[in-house]
Structure formats: structure tokens, C-alpha cells
Amino acid sequence: MVTFNIEVISDPICSWCFIAHRALERTIRLYRTTIPNGSADIFNVTYLPYYLLDPTLPSRDKTDLQGVITPRKHQNITYTRITQIGRSYGILFNFLDGKIGGTREVHRLIQLAQSRKSSEIRDRVLDNVSGAFHERAMDITDRGILRSIAIDAGVDTVEADEWMDKDKDVGSKELQIQLERARDLIGTNKGVPVVIVQGKYRFDGAPDVSELLGTLAGIRDGRLPEEKDKMQEHTSCNAC
Numbered sequence: 080m081v082t083f084n085i086e087v088i089s090d091p092i093c094s095w096c097f098i099a100h101r102a103l104e105r106t107i108r109l110y111r112t113t114i115p116n117g118s119a120d121i122f123n124v125t126y127l128p129y130y131l132l133d134p135t136l137p138s139r140d141k142t143d144l145q146g147v148i149t150p151r152k153h154q155n156i157t158y159t160r161i162t163q164i165g166r167s168y169g170i171l172f173n174f175l176d177g178k179i180g181g182t183r184e185v186h187r188l189i190q191l192a193q194s195r196k197s198s199e200i201r202d203r204v205l206d207n208v209s210g211a212f213h214e215r216a217m218d219i220t221d222r223g224i225l226r227s228i229a230i231d232a233g234v235d236t237v238e239a240d241e242w243m244d245k246d247k248d249v250g251s252k253e254l255q256i257q258l259e260r261a262r263d264l265i266g267t268n269k270g271v272p273v274v275i276v277q278g279k280y281r282f283d284g285a286p287d288v289s290e291l292l293g294t295l296a297g298i299r300d301g302r303l304p305e306e307k308d309k310m311q312e313h314t315s316c317n318a319c
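My numbering puts the first residue of the sequence shown at 80, with every later residue one more than the last.
Calculated directly from the structure, the hints in this document are not laboratory data. Careful, some of the hints might be misleading.
Unchecked claim - Result set (DSBU-like, lysine-lysine): computed pairs, CA atoms no more than 30 Å apart in a straight line: (1) K152 / K141; (2) K279 / K178; (3) K196 / K178; (4) K196 / K247; (5) K269 / K141; (6) K269 / K152; (7) K269 / K252; (8) K152 / K196; (9) K279 / K252; (10) K178 / K245; (11) K279 / K196; (12) K196 / K245; (13) K178 / K152; (14) K279 / K247; (15) K141 / K245; (16) K269 / K279; (17) K178 / K247; (18) K178 / K252.
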């Protein structure tokens, strides 16, 4: 039996991060159903926070800040590509409608689910937050919206209300620790998503499912080269 430790550095307002989340889920499903005895292996997935914008930035129209995330001269080509790839994962991106702002509270909610609940609930929180922003043009800086997302994903009402309490700021210390971990891992690269497997195999940008699956299978079978203290890197342009 193999235990895979996977760290994902992402920000929910990044389109490629939503795709990376779905790609990782698909890869794990394929691994468990196509690799002999793969269903017995364990996946420990940890999501680490990253801020594409000032984390405390109040919400404003998406169109005001989309140029910060994707340079305007590249938007038509980039959005077309993201739309096509997104559809293959069941994502219907809406790039222009709705609000955008800092994501500290979103990350605090994700960390709450990650530290206190099951990975299934954490993944539902992540998926629902991303879908709310990218598909349904919802303002995910709105704490009431985030509370509803949390409860719908399986976080109980008492915990959601505790998270809502500004004075308690539940999970803020843990969030800071995770931010520092993400900074250490991401290094000079300033783009997300970043996916790191076993602390050794790094994918910059949303990973290709077949490539990531091949890496997991290679680790399991001992077929991948490992150089001490050297990260094995895979880079794509699928990043914010």
C-alpha cells in the first residue's frame, strides 16, 4: 500500500486552480479504478492558500480587476482556452459577471473544513466556492454566502456560525502557518496552481491528468528517478 502526500497551492478566484482541483479529483478516481489494487492506496491531499489579490480587498465588479489576474491583451485567447478545457471538466466559466475581491475569508473557511472535517467535506467546500465564483457570479467575499456554502457542503451550523464571528477569527493562526508553508514551497514562482506530490514531484499550472496519473503510477512502481534534495518539475502555461 502506498500513501501519497499531495499539496496544492491555489486561490479560488483563479480559473486554472478550479480546473486543477477537478483534474486532481479525476486523476485520483482514475488511479483507484485503473491501477491494480489502486483502491487500497491512500491520498492525503492538503490545500494551501495563495492570494492573487490583496487578501482584504473589498469586492468590486469582476471587470475592474480581471486585468490584474489575466493581462487584457491576452484575455480573449486565454478565456477561450480556459472555456474549452473547463467544459471537459464540467465547468461553465463566467468571466465577466459578478464581484471579485480578497480571499482571506474564503481560505479561512477552506482551512476550517480541512482541519476539522473530512476531506470529502473540504473538497465540497472548495468545489462549491469555486463554482459560486466562476460559474454563478456570486460574491464570495460575502460572509453570508460563504456560510451557506459551508453548511451546504456539510459543515454544521454551529461551526459555521463560530467561523462567522469576526472577534474569534477562527482558524487565523492555522491559516498563517499554511500561508508560510505555501510561500516556502512556491519559491520564486508567483503563479498558481502548484501541485506537489511526495514533496518531490512538482506541477506548475493545472496538471494534465495523464501526466499526473503517470507520475503516481511511477511512484507506486518505483519507476521514477529521485535525486536527493532536487525537485522533479513539470511546467505548463495553465496558471494564473
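Cross-check of the supplied hints:
| no. | hint | in the structure |
| --- | --- | --- |
| 1 | K152 / K141 | holds, 17 Å |
| 2 | K279 / K178 | violated, 37 Å |
| 3 | K196 / K178 | holds, 28 Å |
| 4 | K196 / K247 | holds, 19 Å |
| 5 | K269 / K141 | holds, 21 Å |
| 6 | K269 / K152 | holds, 20 Å |
| 7 | K269 / K252 | holds, 23 Å |
| 8 | K152 / K196 | violated, 42 Å |
| 9 | K279 / K252 | holds, 27 Å |
| 10 | K178 / K245 | holds, 22 Å |
| 11 | K279 / K196 | holds, 27 Å |
| 12 | K196 / K245 | holds, 21 Å |
| 13 | K178 / K152 | holds, 21 Å |
| 14 | K279 / K247 | violated, 37 Å |
| 15 | K141 / K245 | holds, 26 Å |
| 16 | K269 / K279 | holds, 19 Å |
| 17 | K178 / K247 | holds, 26 Å |
| 18 | K178 / K252 | holds, 27 Å |
Hint violations for this structure: numbers 2, 8 and 14, all remaining hints satisfied.
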